[in-house]
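Trainee: Read off the chains here:
Protein chains: 2
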Amino acid sequence: MYKFKEENLLETELFNLREKLGEISDLDSSLALLSWDQQTYMPPKGAAARGRQRATISALAHRMLTSAEMGERLQRLNERRDELSDGDRALVDVAIYDYKRTVCLPEDFVEELTMAQSSGYEAWVASRKDNAFSSFLPYLEKLIDLAKRKAEYHGYEGSSYNALLEDFERGMTAEQLDSIFGELSLRQSNLVEKITTSSNQPDITWLERKWPEQPQLDFTLLVLRDMGFDFEAGRQDLAAHPFTTSISLRDIRLTTRISRDEPFSCLTGSMHEGGHGFYEQGFKESDARTPLAKGVSLGIHESQSRTWENIIGRSQPFWRYYTPLFLKYLDAGPAKISADQIFRAINHVRPSLIRVEADECTYNLHIILRYEIERALLEGKMAAREIPEAWNARMKELLDIDVPDDASGCLQDIHWSMGMFGYFPTYALGNIYAAQLFEQIEKDLPNLWAEVEAGQFTGLLGWLRRNVHVHGRRKLAPQIVYDSTGSEPSSKPYLQYLEAKYSKLYSL
Amino acid sequence: MYKFKEENLLETELFNLREKLGEISDLDSSLALLSWDQQTYMPPKGAAARGRQRATISALAHRMLTSAEMGERLQRLNERRDELSDGDRALVDVAIYDYKRTVCLPEDFVEELTMAQSSGYEAWVASRKDNAFSSFLPYLEKLIDLAKRKAEYHGYEGSSYNALLEDFERGMTAEQLDSIFGELSLRQSNLVEKITTSSNQPDITWLERKWPEQPQLDFTLLVLRDMGFDFEAGRQDLAAHPFTTSISLRDIRLTTRISRDEPFSCLTGSMHEGGHGFYEQGFKESDARTPLAKGVSLGIHESQSRTWENIIGRSQPFWRYYTPLFLKYLDAGPAKISADQIFRAINHVRPSLIRVEADECTYNLHIILRYEIERALLEGKMAAREIPEAWNARMKELLDIDVPDDASGCLQDIHWSMGMFGYFPTYALGNIYAAQLFEQIEKDLPNLWAEVEAGQFTGLLGWLRRNVHVHGRRKLAPQIVYDSTGSEPSSKPYLQYLEAKYSKLYSL
Chain A
809 MYKFKEENLL ETELFNLREK LGEISDLDSS LALLSWDQQT YMPPKGAAAR
859 GRQRATISAL AHRMLTSAEM GERLQRLNER RDELSDGDRA LVDVAIYDYK
909 RTVCLPEDFV EELTMAQSSG YEAWVASRKD NAFSSFLPYL EKLIDLAKRK
959 AEYHGYEGSS YNALLEDFER GMTAEQLDSI FGELSLRQSN LVEKITTSSN
1009 QPDITWLERK WPEQPQLDFT LLVLRDMGFD FEAGRQDLAA HPFTTSISLR
1059 DIRLTTRISR DEPFSCLTGS MHEGGHGFYE QGFKESDART PLAKGVSLGI
1109 HESQSRTWEN IIGRSQPFWR YYTPLFLKYL DAGPAKISAD QIFRAINHVR
1159 PSLIRVEADE CTYNLHIILR YEIERALLEG KMAAREIPEA WNARMKELLD
1209 IDVPDDASGC LQDIHWSMGM FGYFPTYALG NIYAAQLFEQ IEKDLPNLWA
1259 EVEAGQFTGL LGWLRRNVHV HGRRKLAPQI VYDSTGSEPS SKPYLQYLEA
1309 KYSKLYSL
Chain B
809 MYKFKEENLL ETELFNLREK LGEISDLDSS LALLSWDQQT YMPPKGAAAR
859 GRQRATISAL AHRMLTSAEM GERLQRLNER RDELSDGDRA LVDVAIYDYK
909 RTVCLPEDFV EELTMAQSSG YEAWVASRKD NAFSSFLPYL EKLIDLAKRK
959 AEYHGYEGSS YNALLEDFER GMTAEQLDSI FGELSLRQSN LVEKITTSSN
1009 QPDITWLERK WPEQPQLDFT LLVLRDMGFD FEAGRQDLAA HPFTTSISLR
1059 DIRLTTRISR DEPFSCLTGS MHEGGHGFYE QGFKESDART PLAKGVSLGI
1109 HESQSRTWEN IIGRSQPFWR YYTPLFLKYL DAGPAKISAD QIFRAINHVR
1159 PSLIRVEADE CTYNLHIILR YEIERALLEG KMAAREIPEA WNARMKELLD
1209 IDVPDDASGC LQDIHWSMGM FGYFPTYALG NIYAAQLFEQ IEKDLPNLWA
1259 EVEAGQFTGL LGWLRRNVHV HGRRKLAPQI VYDSTGSEPS SKPYLQYLEA
1309 KYSKLYSL
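Residue numbers (the numbering used here), protein chains in the order written: chain A, 809 to 1316; chain B, 809 to 1316.
No lab work stands behind these hints, which were simulated from the structure alone. Check the hints yourself; a few may be wrong.
It does not matter which identical chain is meant; a pair holds if it fits inside one copy or across any two.
Stated by the list, open to error - With a straight-line Cα cutoff of 25 Å, these simulated BS3-like cross-link-like pairs (lysine-lysine) come out: (1) K1189 with K828; (2) K1309 with K1283; (3) K1102 with K853; (4) K937 with K1204; (5) K828 with K853; (6) K1251 with K1300; (7) K1204 with K1144; (8) K853 with K1092; (9) K950 with K1144.
Between the sequences and the hints, there should be enough to build the whole structure, so can you do that?
Mentor: So this is what it looks like as structure tokens:
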């Protein structure tokens, strides 16, 4: 009898935990919708009230997660973790991780950080507009100080940067990044130099016209459907800064934007967000409304978007299939444009000032520069006032570019103004994971490229579902990479991918 | 010193009350957005999770409103109500009213009611589809029983119906409704009989074509802009069942629908929702995020929509101005259609089975029938099984219509299936209040109709803002009517309006 009662108690504890985590998840969903709506359909005068609505919901979710009741329940469950099924144990472990990660920050610190983020963001907007780094500097110094304190609250092994990186890429360390990025910066930098001095440059004059908007969107929807995006469980809307958000497992919102000046950014942006969307649609149904149904890291999330945007969307087989459809949809007139012309144009390499406009070959170099600077800031090896000089010098070394002003230099990104240190590396990790996973995909799916050339993607999507999506937060990023490829995260596959593709494109 | 401290305490109590009411308002806003999104853009597979999200947010708001902390704070404030400013006292009074109205229902009763509503709704959908009242009957009996119990929990004077009416039309009683509806049913019924037997029927054959969709919407947006709807503080989208919702004081969402078979329903529907939207945009800025910034009753809300939809949108001066624009937008071709033709067509009276399709002359008769039945049910003077017979008999008396089946008879409305008894009268009160207020508006604004004939509505909107909107919940419905017209609510102005307008239209 006693044992029976104990089991019942355990079941009850689990039931109550799931109930409470479900409520937190519902609050997070509401927050996601408030945010999605703000960036798509909200009338402008709704902004002030929306800010308060988001703050209220966010505070309620925080209060629930960090309540004494939650802490005590998790402790009781942890004491009996050996009696839990594997699935329940994974849930309890993730919940304990989130709980500890949140409660270790004192309330007054969180408040101070929130205020500093808010005023830091406003100072950044103004200083970027005025091209005046000095007016942003005191805010940035404050945010760096807070980031250092945050690292101490969290604790860390090795570099203090690890404590911050963990918020975005749990399981990865600064030490590992050094080894991954070391080879990358050298070889990518060399590749870019060879490309820019190659005599075989693409003809892109045919792109110089105005491209109609609706057909771009229609073409994009066609490709998303072909890719397998379920429009009964998601949708696509327009937004100034495209993003993807999950309202629930069966309600994933992509956004995109349209440029009249070039016809690819809408498509590649949509394929990118579609990759994020697939991940969010691919968690286990039984994990819905729990913290297991989330992307495990920003790097893995970005690997999904980069796979579709770059490896597929900028490939020759893809354009062999889609070129006639592209020309038909965009009504490109009598001009004869070949699949190879598009393939070359969409892979045009041009070192440039702005990260978000960078091509595949230069993108990671922008990231490495930021990573080096923010790590030095956090470890106390660089002062905030030294950023512009360091930034400009490294831009010259890595991309041979002269930075004309801070607005298009160290003030271009929003991240630091929001106190987000440790975020940038995940963009590069996305490229790296994507290439490493794809190397394995090509082995596992020998017909893959033939399928892409026929506009079919079920094999690829199925592989990603099985090896990446379905795990949610059950496996950390390095584990996902290791379990599906047999190797630790490494930049080698990415470098091989880049060098092979661009040597061919630019006859290197 | 002591007094100073006391004052401080009072300020703190008020501050904390406003904070907590603000949080509840933010939760209500999130709920409104979750619901708006569900009816406009949500992908179909998101429905199940959306139901849970709404339930969670709704339960949290309920928990906050009924917390012991809230009750104690309101009690302390109430004890010192003489020291409060008028504005603060109004807020405290409304908060106390909402608190008491909510806590007087025991939790297990609320749960039982929620379950009965949910299964009642599903049973209604099925029984309407199968045209089988008997399969809905047990659910309806349960809902009536719960409504009776609810009335007992709330308490009442006079008819038990008053306790339920109060949820939708506080300040109105069944006894007052009897006196208002008594004359109405007789005179409206007589008017309808004269109209249907008149030999001067309108020509509506020119309407029999397919009307393109986008131009209808564009024309509607033009009219809403002319009316003065602020599209920086609101928007309009499509929905299967049009509604208006407030996300915040500066974020009001209208919805409309388009019929290819007739070109007026989109416009009149939008003007109707626009009237609701004006009300929601018109509360005091300083009342935002408090329970004062809400419509005081459904009747007053409906009076705003009916003013714009019917009194303005179906008037001759309105169509004198808009006919050329209507013809231009809808590209009605070479056919010569006059303002008078439209005026007559849009006021075509046709007794029909379905309430939501009813015209101005027959609408209230549908309501009176429902009011009589639901009041008899609540007072125990009719059994649920007797509804079909009573319904069909009264349809014959009031509208001279034979009801062919229950699906288009007593099963047509959703309200009872959701346990909403006491709601129907507010539709008729909306018409009545609208006409009564408008009688005064015509006195106060002698140029009103000249302005309407020039497509100008600022005078009208200003009057409604000053006399109705700005008060929010500070005045009950009868008080609003009395303060702006000097009379108690009465059906006389509405009957005069109807008889004058339709005698002319049908040469009676």
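Trainee: Hints first: check each against the structure and report whether it holds.
Mentor: Now the hints, each set against the structure:
| no. | hint | in the structure |
| --- | --- | --- |
| 1 | K1189 with K828 | neither (44 Å within a copy, 46 Å between copies) |
| 2 | K1309 with K1283 | neither (31 Å within a copy, 73 Å between copies) |
| 3 | K1102 with K853 | between (32 Å within a copy, 19 Å between copies) |
| 4 | K937 with K1204 | within (24 Å within a copy, 72 Å between copies) |
| 5 | K828 with K853 | between (34 Å within a copy, 24 Å between copies) |
| 6 | K1251 with K1300 | within (16 Å within a copy, 84 Å between copies) |
| 7 | K1204 with K1144 | neither (39 Å within a copy, 72 Å between copies) |
| 8 | K853 with K1092 | between (39 Å within a copy, 15 Å between copies) |
| 9 | K950 with K1144 | neither (57 Å within a copy, 72 Å between copies) |
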